[in-house]
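Given chain F, put chain A in place with the hints provided.
Residues per chain are reported as follows:
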Amino acid sequence: MPLEDYTIVIGLEVHAELATDSKLFCGCSTSFGSEANTQICPRCLGLPGTLPVLNKKAVEYAVRAGLALDCKINKFSKFDRKNYFYPDLSKAYQISQYDQPICEHGHVEFYVGGEKKVVGITRIHLEEEAGKSIHSGTSISDSDFSLEDYNRSGIPLIEIVSEPDIRSPEEARIYMETLRSILRYIGVSDCKMEEGSLRCDANISLMPKGATVFGTRTEIKNMNSFRAVQKALEYEAERHAKLLDSGEKIVQETRTWDDNLGITLSMRSKEEAHDYRYFPEPDLVPVILEDEFVTDIKNSLPELPAEKFRRYLEEFGLPEYDAELITADRDLAEYFEAVVAIYNKDYKAVSNWIMGEFMRLMNEQGIEVGEVKIKPEDFAAMLKLMDEGVISSKIAKVVFEEMFNTGKEPKTIVEEKGLVQISDSSAIEQIVADVIKDNPGPVAEYLGGKDKVLGFLVGQVMKLSKGKANPQMANEFLKKALAELSKNQ
Amino acid sequence: MDILKKSVLELRELLDKGEISSREIVQAYIDRIEKTEPKLNSFVTLTFEEALKDADRADEMIRNKTHTTLTGIPIALKDNISTYHVKTTCSSKMLENYRPPFDATVVKLIKQAGMPILGKTNMDEFAMGSSTETSYFGPTKNPWNLEYVPGGSSGGSAASVAAKQAPLALGTDTGGSIRQPAAFTGIVGIKPTYGLVSRYGVVPFASSLDQVGPFARTVAESAALLSLIAQYDKYDSTSLNNPRPDYLRSLEKDVKGLRVGVPKEFFIDGLDAEVEQAVRKAVKALEDQGAEIVDIELPHSDKALATYYIVATAECSSNLARFDGVRFGHRSENTKDSVTMFKHTRAEGFGPEVKRRIMLGTYALSAGYYDAYYLKALKVRRLIKEDFDKAFTKVDVIITPTTPSTAFKFGEKVQDPIAMYLSDVFTTTANLAGIPALSMPAGLSSNNLPIGVQIIAPSLAEEVMLSTAYSIEKALGSIGLPELEV
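So the protein sequences, as listed, match chains F and A.
Note that the working numbering gives residue 126 to position 126 of the first sequence, counting from 1, and the numbers run on in steps of one.
Note that the working numbering gives residue 68 to position 68 of the second sequence, counting from 1, and the numbers run on in steps of one.
For reference, chain F alone in the conformation it holds in the complex:
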C-alpha cells in the first residue's frame, strides 16, 4: 500500500551544546574553531586521578531549557557513567544522566500547514561531549590512522528526547526548527547545525493507519542540517513502506544518513548494539536544586516564540505567516518591536518592510540582525517620511538600502541625494504638460477611450521627474490635464 496508508511514527533525540564559557567538568574554554588540542587540561583529557567538578552555569542552562519546554524540573538528579571505547572519548566513559535526568515531561508546540501540533518531551538530561576524531579515510574502520582533537571533549550538552509524537518528516524538521528557535531565545545554545552545536538522531517506524501498535523502528544518525532531517526521514519512511509492502520485516538497527547519496545505510544491528553498563558516577554528588534557584531562572525567562506569536496576532493584527516568520528569531522580533514602539500607525507596513527589503538585504550580505546598521528609530523615521509624502514608496526603497549600507538617518540621505518628493503643483503641472506634448500617440489612445494608457503616462511623469513626483498628484494632475484636452477637442 502507498505510504499515505501508513502512519509514520517519529521520535527525536536532539543534542544541543550549551553556550557556557567553560566546559561541563573543567575550566577549559568552549569556543569553536580553535587550533586542535589547545583547549584541553588533565581533566578533559581524562588523565588518571583527575575528577569532574560540575559547572553550575550548565545546570542553570539545562533548567532554563526545561522550563522553556514546560518540563517538570527534578529537584534531585544524578550523573551516571555511560561506558564505551572510542578514541575520542577520553575517559572511555561519558558522564551523562541515565535514570534520574534533570528535566522530564515537557512539550513543545508549533504549526504545520496552519495546524497546531504538540510534541511531548520525555526528558532533558545533561551530559558531556566527546572529542573529535579526524580519520585519514572516510571512517575509523577504513583509516590508516585517526587524529584526535579534544577541544570539544567535555563541552556541556543537553539531550532533549521527544515522545514518539511526530507523524511526518516535515513535522520532524519543523520540530527541530522550533527547538532551535526556543533554545536561541533563551540563550542556552547557539544551535548551529553546521558547527555541530545542534544535532539529532531519529527513531522512525511505520504502522498501518488506524493501528495502535508501533512497528519495528530504525534509528537514523548523521543528519547535519534541517533539510537532511526531513530528507533522511522521507527516505527511511519510503524504505520501510516498500519492505512492509513486500512482506519483509524491518530490522531493528542503527542507520546512518549519507547526504551525498541521499540514502540511509546500515551501521549496526540491535545485536551489535553497545551495552553501555550505566552506573551512578561515584566522582560526583547528586544535583539538588533549591526552589529559589529554579524560581529565579523561571523569572528570568524571556517571552517565548509561541507566546510572542499569539501576541503578534492579537496586539499587532499581523497575519499568521508574518507573525511566525518574525517571531522565529528573537533578535528579529525584538527589532520589529523596537520599530513599532516608535511607529504604531501601521504594523503591517513594518512587517512588510522587515520581511521584504530588510531580510533581502540581510540575506544578500549574509549578516545577522545584530549587525544591521539601521537603527529602529531611523526605520520608523523613514516610514514617517513616506506617510508625510516627503518620499515616494519607490524612493523609499532607495533610501532604505542606503540606510542599510551606511547607517545614516533617512532625512540626511534624502537631503544629500536630493530625493525629496516633488509636491509643488506648478512643477508637476509643467512635467505633466511636457509628458502630454512628448507622447501624442498614447494621449490620443487615452482620449479614444483606452483608460489603461493612463498608467503609462503616469509612469512617464515619474520617469521625467526621476521618481520624485508625488504619484497621487501626478495621477490627479494628469487626469485633469487630459480631461481639459478632451473638452477642448
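Any given hint could turn out to be false.
[What the hints assert, rightly or not] Partial pick of chain A residues on the chain F-facing surface, computed with a CB cut under 8 Å:
1. Ser82
2. Tyr200
3. Tyr235
4. Thr238
5. Arg322
6. Phe328
7. Ala367
8. Tyr374
9. Gly443
[Unchecked claim] The following label-pair restraints were derived from C-beta to C-beta distances:
10. A:His85 / F:Thr138: 35 to 41 Å
11. A:Asp371 / F:Phe214: 22 to 28 Å
12. A:Arg99 / F:Asn363: 52 to 58 Å
13. F:Glu195 / A:Glu34: 55 to 61 Å
14. A:Asp31 / F:Ile140: 50 to 56 Å
15. F:Asp291 / A:Asp371: 29 to 35 Å
16. A:Gly138 / F:Asp259: 52 to 58 Å
17. A:Lys394 / F:Asp291: 49 to 55 Å
18. F:Lys221 / A:Lys394: 57 to 63 Å
19. A:Lys5 / F:His274: 55 to 61 Å
[Stated by the list, open to error] Listed next, the in silico DSSO-like pairs over lysine-lysine satisfying Cα-Cα at most 30 Å (straight line):
20. F:Lys132 / A:Lys87
21. F:Lys132 / A:Lys355
22. F:Lys75 / A:Lys234
23. A:Lys87 / F:Lys221
24. F:Lys221 / A:Lys343
25. A:Lys336 / F:Lys270
26. A:Lys336 / A:Lys93
27. A:Lys234 / F:Lys132
28. F:Lys78 / A:Lys390
29. F:Lys437 / F:Lys468
The hints are simulated quantities; they were obtained by calculation from the structure and are not laboratory data.
Glycine included, every Cβ here is placed at the ideal spot set by N, Cα and C.
Relative to chain F, chain A alone:
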C-alpha cells in the same frame, strides 16, 4: 644521635632548636634506603636529588620561621598518587613510563608543608591485591621476615615505614589497603572518613571507596600527617567541607566512660587464636582505663566481602577503561586498527589480577546482571552502613582484629584469589560505610610477626578514634621495629 630512631615529633623539636637540619634527616634516610632497598623493594622510583633540594628549602623555611609541624620531615608516597613530572606507575606496565603533568592535591599539601619526598612506593598493580605480589616491579618484602608479604596494596609504603626507610608514608585504602599492610608490618595506618582527604590526582581503583591515608610508627605521628592532608578540596566533588581539627591535639583525651563496641561477627572461626588474644588484650587495656565494653552486632558483616568485590570491581572496570593506548601510558605495537589497539594495549599492559577484576566488574554491570549484582550490592552496602549507624548509637568506637591472621608467606595465596580476598574480610566494611578506621600494632605472634588491631569510628569521628588508639598504645607499649639485617 640515631636520626632514624627519632620520632617525627622529636625531629620537629631538634629542627626547631637548630640541632639538626632537614638535609641531615633526608640524607640519613637516603643512606638507609640505599642499604635496605635491595632486600625490601619498597620503592618503584627514588627521588633523592629532589628530596635533598626540598630539604634545603625546608631548612630555609625553618630559618624564616614559616614552617609547620611537618616541615623538613621526609615522606614516601604510594605510586598511585600523581606527582608532577615524576613517574606514577601504579606498579603497572601500563604506566611504566607515565609522568603526570600535575600534582595530586595531597602532594601539593605535602610540598607546601616543605616535606621532602623520598620516592614512590611499590604496591599491588592499580592497588588490586593484598600482598604487593601483583606489582609489575616485583613484590616488596616484609621487613619483619623477608619470606613474608608486607600486605597490600600499599605494601611498599608500609614496609618503608616499618624498615625506617621513611618516617612517614602515604597509602590508599579501598578495602583495607592501608590497614592490612599496617597490621602486617606492625605500624599505624589510617583510612580516614570518605571525603576527608582529597582524591584529586590519586589514580582511582574504586572511586566510592578510595581514601588516602597516613602510615607512621606511632599514633601521634599518624595524627600529625592526617592533620596535614585532611583538607577540603574544591577539585574533588566528594570532598567534605567541614571544619578540620588538629588531630594531634585530640590524643590526650582519656577513655574514661568511652563506650567500646566489640562485634561478635568479627570473632569468627578461622580467626587466628593469637590475633584474637591480642585484640582482647587491647580491649582489656581500655577497660582498665575506665572504658565501658559493649558487645554489639553488625549483622551484615558476613556480606561485606561479596558486596565489596562487586562495588569495587564494577567501579574499577570503568575507572581503568581509559587505559586504551590513545593518550598516555602503554600502547601496543601490535595494532591493525583502533579495536586491536585497545585490545592488545590492555592485554599487554595489565597483569592478571587487574584483568580478573575488570572482567568481574564488567560482568556485574552488564545488561541483565546489573540488578542481580551491582544494584543488590548497593542495597547491601546500605544495610552495612545502617548496621554501623545503629551500633554507633550504643558505642563510641568499635574494636576488631584488622586481619584474621598475621602476614602470610609469598606464594601462599597468590594462586587462590578467594583466599587472598579473605584477608580483607575485616577491613572492607569501613570503606563500604565510608567511616574512618585505623590499624595499630597490638603485639607480636609466636613467630615474631606483628598483629594489628582495628579501631572503627563514626563518620568524621577521627578524634575519638585517635584518642582510643593512643590510649591502647600507651597501655600496651611499643612492639618496636624489626631488626632488619643489612
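Output the indices of the hints that this structure fails to meet, ascending. 9, 17, 23
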